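Novice: Listed here are the chains, written in short residue letters.
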Amino acid sequence: MMLRRLAAAAGLSLLGLFPALAQEKPAELRIGITTYASGAASVFGIPARDAAEMFASEINARGGVQGVPVKLYFVDEGAGIETLMTEYRRLVQDQKVDVMFASISSGVCNKIAPLAEDLKVVNFMWDCGTQRILEDDKYNYVFRTQANATPEVMAPLLYLLKVKPDFKTIAVVNQDYAWGRDSWAIFSQALKVLKPDVKVVAEFFPKFGAADFSTEVSRLLALKPDVILSTSWGGDLDTFVRQANQRGLFKSSQFVLPLAESSLERLGNDLPEGVIVGGRGDHYFLHPERIGDAKFRAFMDAFKKKTGAYPIYPVFHMAQAFSALEAVYAKAVAANGGKWPTHDQVAKAMPGLKFQALGRPVEIRTDGQGVEDQLVGTTIRTPKYNFDVLDNMMIFPASQIMPPVGQKSDAWIATLKPDILNIKVDTFKHAD
Amino acid sequence: MSFDTIVLAVCDGVAYASLVFLVAVGLTFIFGVLGVLNIAHGSFYALGAYSAVSAGIWLTKAGFNPWLTFPALFVAAIVIGAVLGGLMEKLLLQRIYDKEQVLQILVTFAIFMILENVQRLIWGVQPYFMSEPLQLLGNVSLFGISYTAYQTLFLPALAVIVLLGLRYFLRHTAAGAQILAVTEDREAASAIGIDAQKVYFVTFIAGATLAALGGALAAPTTSIMPGMGAEMIVLSFAVAATAGLGQIEGAAVAALMIGLGRSLAVYLAPEFEVLVPYILMVGVLIFRPSGLFGAPQLRKI
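Read top to bottom, the protein sequences are chains B and C. Heads up: the first sequence at position 59 corresponds to 917 in our numbering, and the numbers run straight through without jumps. Heads up: the second sequence at position 27 corresponds to 77 in our numbering, and the numbers run straight through without jumps.
Source of the hints: derived by calculation from the structure; they are not laboratory data. Since this is a predicted model, take the numbers as computed values, not measurements. Here a beta-carbon is modelled for each residue, glycine too, at the ideal position from N, C-alpha and C. Watch out, some of these pointers could steer you wrong.
Derived Cβ-Cβ restraints for the label pairs, each shown as a range [claimed, not checked]: (1) C/F159 x B/R1039: 27 to 33 Å; (2) C/V210 x B/A937: 39 to 45 Å; (3) B/D1159 x C/Y218: 58 to 64 Å; (4) B/R1039 x C/D245: 55 to 61 Å; (5) B/K1082 x C/R145: 55 to 61 Å; (6) B/K1026 x C/P339: 49 to 55 Å.
Required output: the full structure, derived from the provided sequences and hints.
Specialist: This is the structure in structure tokens:
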């Protein structure tokens, strides 16, 4: 009797033991995502959130990340930096999220990076552009699953120098905030090194969210610069393009719009042909190397069907964050002998990670920067789409248009030689 | 700076000032009569713009004559101003006229926040655009620079019509006289049989409609997007404060100063473009704390 009870107790505890071992795998993998649900940048935040929901349900339908279903927690970046920091802390400490995807705004990322490091939570900078964070400081928990401002600005500049090298004057119209200023600093510094005879005839930094660029357009019409650069985006870019086009500015100047991929569909035929357009990476819903891929096409169509618009670059960035997450857990689980990894083990697995989402493969360097190739093209019109698409596309190899590990962008730009124009790029015509 | 440049800067400045005036005059008119600083004015501006764009897009899609988008701008503004403005005055403002001003500002601010979100619920966050009216009027050329006739001729003409219309209405019609009487002294006006409540109601609707009209008229020139209301309310306050709250002609002068100052800044020192309205406002308020045209004792409460 006694023996039997003992055996039963032992059996019970043994039974209890196995699930305990297996439970090392958590019930769910919690992902905190900061994205703009309000304010001007919600033109990026909302499509990215829609995409995140699609990716999460697709991953869960496959059984989750390494068998663990994912659960998403969204935070609105538009709520202000203080609220965002509090929410971020709450997600990490109370909700116990396993990984954070933050953020869109470079200003936010500057604050979030040290916070993530303090909280020891793996943070993917899934969309922010500033190159400075990982150049100025060393982080163990902060990684960029996409490119940064330096290659994103260098690629359109090199494209311009390759296809329209004979220009003497340039003007810039950028939004008056970190990205507008920083991107012009990189562009103008590199231009000065590569083509020192070009004269900058006007520098405009209209207010972020400005509703009217008429005066700037008048001034540009009078100055007739050979090239006009604008790294603006969203409603600002749409307004500027429409006001400029209405008054014929596109006829007298070559426009270079490094973020206009995200405005193509909205602008319709208000964007003339022959404009140089980039998309902060090789992000394009008709990506020439991926378009033959049935899964790629299926996602583009599913997204269009769900949201009414084709994916723009933040959607691609969100896809990269999810792909990086799956890849890093696969790597960390393997490194941990098949067992579920700790957060620190995940962080350690990030450097050197390779993953592929909707573009070319991306690699995380030892300094946490992502190496992502850059696609730039020129707008044309085709009967199939009621908005401009890209032709004469070039994909620039990222590793050659960004500083090596340990070097800062401005120091690297100063070392540039004109032979950087000879870097091998892959070229593509529009085909669809 | 050559003569050409000055003329060009004036053109841009006047076009910008016209739009700012249309919105700011509604704000200052409401304050002058009701004594309420209406933060929700920015919402009327945004909703006017959104409804004008929706109406315009619908008309073009349905295949109507594109010239119909012009009356659509005005119809959209009047509908928003009358329906939303009317409801807001009847249901909320009527209850708080005798309360402290801080409370009035908080209530209108709350309405502003609610309407911002209503607007996001209805139209989402993607920018909208409807440029038919702008394209229909075509361009005019000045010193080899092409301007849109919509911005350089149509908007300023409309601003002048509104200014003269308001002046005539207030100074030369019986209804205008009633409004002025209520502004001067509500109790005394009521005592001689003027329906002050009705005057407030009508004034508020007129002011709200002007804001919505500003939004509707801005719609063909710009992207309609979240946050545009907040942007405009700040600028309107700058105009109204520079002019002196309640001053209608003053609002025209202040809008013109800000418009011209801004466009001159773009030509001479682009870095100051953003600051111009506020530099002008601070400059004026240091020397004339009640604004350019404001009398020190504007109202008795």
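Novice: Could you tell me which of the hints above the structure violates, numbers in ascending order?
Specialist: none
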